[in-house]
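Note that the UniProt record's numbering numbers the sequence shown so that position 290 is 290, with each residue one more than the last.
Treat the hints with care, since some could be wrong.
[To be verified] Distance condition first, Cα-Cα at most 25 Å in a straight line; then the derived PhoX-like pairs of lysine-lysine:
#1 K394 / K433
#2 K272 / K282
#3 K398 / K433
#4 K282 / K245
#5 K349 / K433
#6 K393 / K457
#7 K282 / K219
#8 K457 / K394
#9 K371 / K349
#10 K393 / K433
#11 K219 / K272
#12 K457 / K433
#13 K457 / K349
#14 K230 / K245
Source of the hints: derived by calculation from the structure; they are not laboratory data.
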Amino acid sequence: MAAAAGLSPRLVVTPGRRSHSHGRRRMCCAAAAAAQGERKTTVRSKEGDAVELCRVVNGMWQVSGPSWGRYETPAAVDAMLRYADGGLSTFDMADISRTLLSPAAPPVPRRGVVRPARCSGGGGAAAVETAASGAKVCTVSNRGDSLAICRVLNGMWQTSGGWGRIDRDAAVDAMLAYADAGLSTFDMADHYGPAEDLYGLFINRVRRERPPELLEEIKGLTKWVPPPVKMTRSYVEDNINRSRKRMDVSALDMLQFHWWDYANPGYLDALKHITDLKEEGKIKTVALTNFDTDRLQIILENGIPIVSNQVQHSIVDMRPQRRMAELCQLTGVKLITYGTVMGGLLSEKFLDTNVSIPFAGPPLNTPSLQKYKRMVDAWGGWSLFQALLQTLKKVSLKHGVSISTVAVRYILNQTSVAGSMVGVRLGLSEHIKDTNAIFSLELDEEDMNSITEASNKGRNLMDIIGDCGDEYRA
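Based on the provided sequences and hints, a complete structural model is requested.
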């Protein structure tokens, strides 16, 4: 196909909302349409401004999200060159999908500049956008900030009460056992009872009793969940310093910020102070927890260097894949998920049981079991959940692993997920073997499709609860 002489490529950028003129995939079809008449036209304004365009325009809406498939930047640019060489030299795009024309351009316009997070198996392996099944480490990043985390995180909500009495020494011994087994990332919060204090005791033992290489691998992620009061610099700094002191670290590896009331815009003030504290070396990376898609977009546009958003995500609760994952794919923000095994409901223990009859099934005797049973009820009820467990059991038997291992692997395979939480009952029980089995498990297409089909039989929780985190703001 010969190029049209004298026709240089044109870029048509539509600001604001996405254009709904669908671009053609095949050059031959577009060229045939152009051949029916004049190939180019000139549009003019009343003021005399003019631009010459190809009459068949290459629409680039398809680069804006996962619905059309994943794009590789070099391959996409090569394809654009072929269109231009073929005389199809006008490209239409919007400011909300600037991910291909200039690899250095910010994917979120205005002030939010985000570099995509990349996952790898560690040890110098080549980093890729989506981690391979065996990858144990993922690096979440934004601009110059980055943090390598284990893709299965040890969740410490269970230290806050309601799961059994925690013995301090036994808990720290258990944390060392998880770290020695390669499960080296711990997630906690300022309100998880003694969680931050336990981490401080643990990290000091690592400093004294373990080699420096292990100390470097260990990461402590905490959350700050303030009341919606005025966010002054001194108030924010005092709370961050409290966590630093309890965890016995000079800088928090990651601070994940939660906000209760979107009607109060103080969350932006808090995040700007948090970013300033990061610049001063008191925090390494800034993250969110339980923020919805719209607020994440606003925060990024305000220049806050968010690396991740921690959200509820399981085979039952697929809300993060509805809107949030698309924004994350565009911006490079990653998801850290909790509730992925639903407090233990996604396990053999609850297969072929009926918890609606008193004493007929395992007791729902922890805060997490009670919470996620409500999610099951909203999604479709216990009978439908049993059908899901049967599907998961079939897959687990095929691979020789547990139902919970399959449940976590399925979520780790989802778009933009960097890591998933598995709760630890420190000193009371442990599941190191099952957790490490997640990294070697590879679900094939048949496995993924069967689980997706079972998940889709339930209700769409976006319609019932709302977007990520809305369950905390109902």
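Evaluated hints:
1. K394 / K433: 20 Å, holds
2. K272 / K282: Answer holds: K272 to K282 is near 14 Å, not above 25 Å.
3. K398 / K433: 18 Å, holds
4. K282 / K245: Roughly 11 Å separates the two Cα atoms, so the pair holds.
5. K349 / K433: Holds, at roughly 17 Å.
6. K393 / K457: 17 Å, holds
7. K282 / K219: Holds, at about 15 Å.
8. K457 / K394: This hinted pair holds, its Cα atoms lying about 17 Å apart.
9. K371 / K349: The hint holds at about 17 Å.
10. K393 / K433: The given pair, whose Cα atoms are some 18 Å apart, holds under the 25 Å limit.
11. K219 / K272: 23 Å, holds
12. K457 / K433: 31 Å, violated
13. K457 / K349: Distance ~22 Å between K457 and K349 Cα, so the pair holds.
14. K230 / K245: Measuring from Cα to Cα gives roughly 23 Å; hence the hint holds.
In terms of the numbered hints stated before, the structure departs from hint 12 and from no other.
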